[in-house]
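Engineer: Let the hints inform the model, and build the full structure from the sequences given.
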Amino acid sequence: MNVIVYSKTKGFCGPCFATKRALTDAGIEFEILALEEQPAEVIEDLKTRVGMQAPIVITDTAAWSGFRPDLIDALTA
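Residues 1046 to 1122, numbered by the working numbering, are exactly what the sequence shown covers, in order.
Don't read these hints as lab results, they were simulated from the structure.
Since the model is a prediction, treat every value here as computed from it, not as a measurement.
A portion of the hints provided could be inaccurate.
30 Å max Cα-Cα, derived DSSO-like pairs, lysine-lysine [claimed, not checked]:
id, residue 1, residue 2
1, Lys1092, Lys1065
2, Lys1055, Lys1092
3, Lys1053, Lys1092
Using C-beta positions, here's what the derived DEER-type ranges look like [what the hints assert, rightly or not]:
id, residue 1, residue 2, range
4, Ala1119, Phe1062, 17 to 23 Å
5, Met1046, Ala1085, 16 to 22 Å
6, Pro1084, Ala1122, 16 to 22 Å
A virtual CB, placed ideally from N, CA and C, is assigned to each residue, including glycine.
Structural biologist: Written out as C-alpha coordinates, the structure is:
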(Lines of atoms letter the chains of each structure in order from A and count residues from 1; the text may use other names and numbers.)
(Lines give C-alpha, C1' and ligand atoms only; values in the text may rest on other atoms or scores of the structure.)
Protein backbone atom coordinates (compact mmCIF):
# COMPACT_ATOMS: atom_id res chain seq x y z
CA MET A 1 0.00 0.00 0.00
CA ASN A 2 1.26 3.46 -0.86
CA VAL A 3 0.81 6.07 1.86
CA ILE A 4 1.83 9.68 1.39
CA VAL A 5 1.72 12.16 4.26
CA TYR A 6 1.78 15.82 3.27
CA SER A 7 3.11 17.35 6.46
CA LYS A 8 4.20 20.73 7.71
CA THR A 9 7.94 20.68 8.25
CA LYS A 10 8.42 24.21 9.56
CA GLY A 11 7.32 24.85 13.12
CA PHE A 12 5.46 22.33 15.27
CA CYS A 13 2.39 20.57 13.94
CA GLY A 14 0.79 18.38 16.59
CA PRO A 15 -1.58 16.53 14.23
CA CYS A 16 1.33 15.91 11.81
CA PHE A 17 3.48 14.47 14.59
CA ALA A 18 0.62 12.33 15.92
CA THR A 19 -0.21 10.97 12.46
CA LYS A 20 3.38 10.02 11.67
CA ARG A 21 3.78 8.38 15.08
CA ALA A 22 0.52 6.41 14.74
CA LEU A 23 1.48 5.18 11.27
CA THR A 24 4.91 4.14 12.52
CA ASP A 25 3.44 2.40 15.59
CA ALA A 26 1.02 0.54 13.31
CA GLY A 27 3.90 -0.65 11.15
CA ILE A 28 2.67 1.24 8.10
CA GLU A 29 5.39 2.54 5.81
CA PHE A 30 4.81 6.03 4.44
CA GLU A 31 6.44 8.79 2.46
CA ILE A 32 6.57 12.32 3.87
CA LEU A 33 6.23 15.30 1.54
CA ALA A 34 6.64 18.82 2.89
CA LEU A 35 3.55 20.94 2.33
CA GLU A 36 5.73 24.05 2.14
CA GLU A 37 7.59 22.62 -0.86
CA GLN A 38 4.52 21.80 -2.96
CA PRO A 39 3.45 24.01 -5.87
CA ALA A 40 0.45 26.25 -5.23
CA GLU A 41 -1.73 24.26 -7.66
CA VAL A 42 -1.03 21.01 -5.75
CA ILE A 43 -1.94 22.68 -2.45
CA GLU A 44 -5.18 24.05 -3.92
CA ASP A 45 -6.08 20.64 -5.33
CA LEU A 46 -5.46 18.95 -1.97
CA LYS A 47 -7.50 21.59 -0.14
CA THR A 48 -10.39 21.14 -2.56
CA ARG A 49 -10.37 17.33 -2.71
CA VAL A 50 -9.27 16.35 0.80
CA GLY A 51 -9.40 19.20 3.28
CA MET A 52 -7.51 22.11 4.73
CA GLN A 53 -6.11 20.70 7.97
CA ALA A 54 -2.55 19.34 8.10
CA PRO A 55 -1.48 16.68 7.61
CA ILE A 56 -3.07 15.44 4.43
CA VAL A 57 -2.85 11.66 4.04
CA ILE A 58 -3.31 9.93 0.70
CA THR A 59 -3.47 6.12 0.41
CA ASP A 60 -4.42 3.73 -2.37
CA THR A 61 -8.01 3.64 -1.09
CA ALA A 62 -8.56 6.72 1.08
CA ALA A 63 -7.63 10.34 1.68
CA TRP A 64 -8.12 12.58 4.71
CA SER A 65 -6.85 15.66 6.47
CA GLY A 66 -5.90 16.03 10.12
CA PHE A 67 -5.10 13.37 12.69
CA ARG A 68 -7.51 10.46 12.12
CA PRO A 69 -6.57 7.48 14.30
CA ASP A 70 -9.75 5.68 13.21
CA LEU A 71 -8.69 5.77 9.57
CA ILE A 72 -5.12 4.78 10.42
CA ASP A 73 -6.51 1.77 12.32
CA ALA A 74 -8.65 0.91 9.28
CA LEU A 75 -5.50 0.67 7.16
CA THR A 76 -4.27 -2.22 9.29
CA ALA A 77 -7.61 -4.09 9.31
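Engineer: Next step is simple, just say for each hint if it's right about the structure.
Structural biologist: Hints, one by one, checked against the model:
The hinted pair formed by lysine 1092 and lysine 1065 meets the criterion: a straight-line CA distance of about 20 Å does not exceed 30 Å. A distance of roughly 19 Å separates the Cα atoms of lysine 1055 and lysine 1092; the hinted pair therefore holds under the 30 Å criterion. Restraint check for lysine 1053 and lysine 1092: the C-alpha separation of about 14 Å stays at or below 30 Å, so the hint holds. One distance hint, 17 to 23 Å for the beta-carbon pair alanine 1119 and phenylalanine 1062, holds here, with the actual separation near 20 Å.
Taking the beta carbon of each, methionine 1046 and alanine 1085 are about 29 Å apart, not inside 16 to 22 Å as hinted. Between proline 1084 and alanine 1122 the CB atoms are about 34 Å apart, so this pair departs from the stated range of 16 to 22 Å.
Checked against the numbered hints above, the structure violates hints 5 and 6; every other hint is satisfied.
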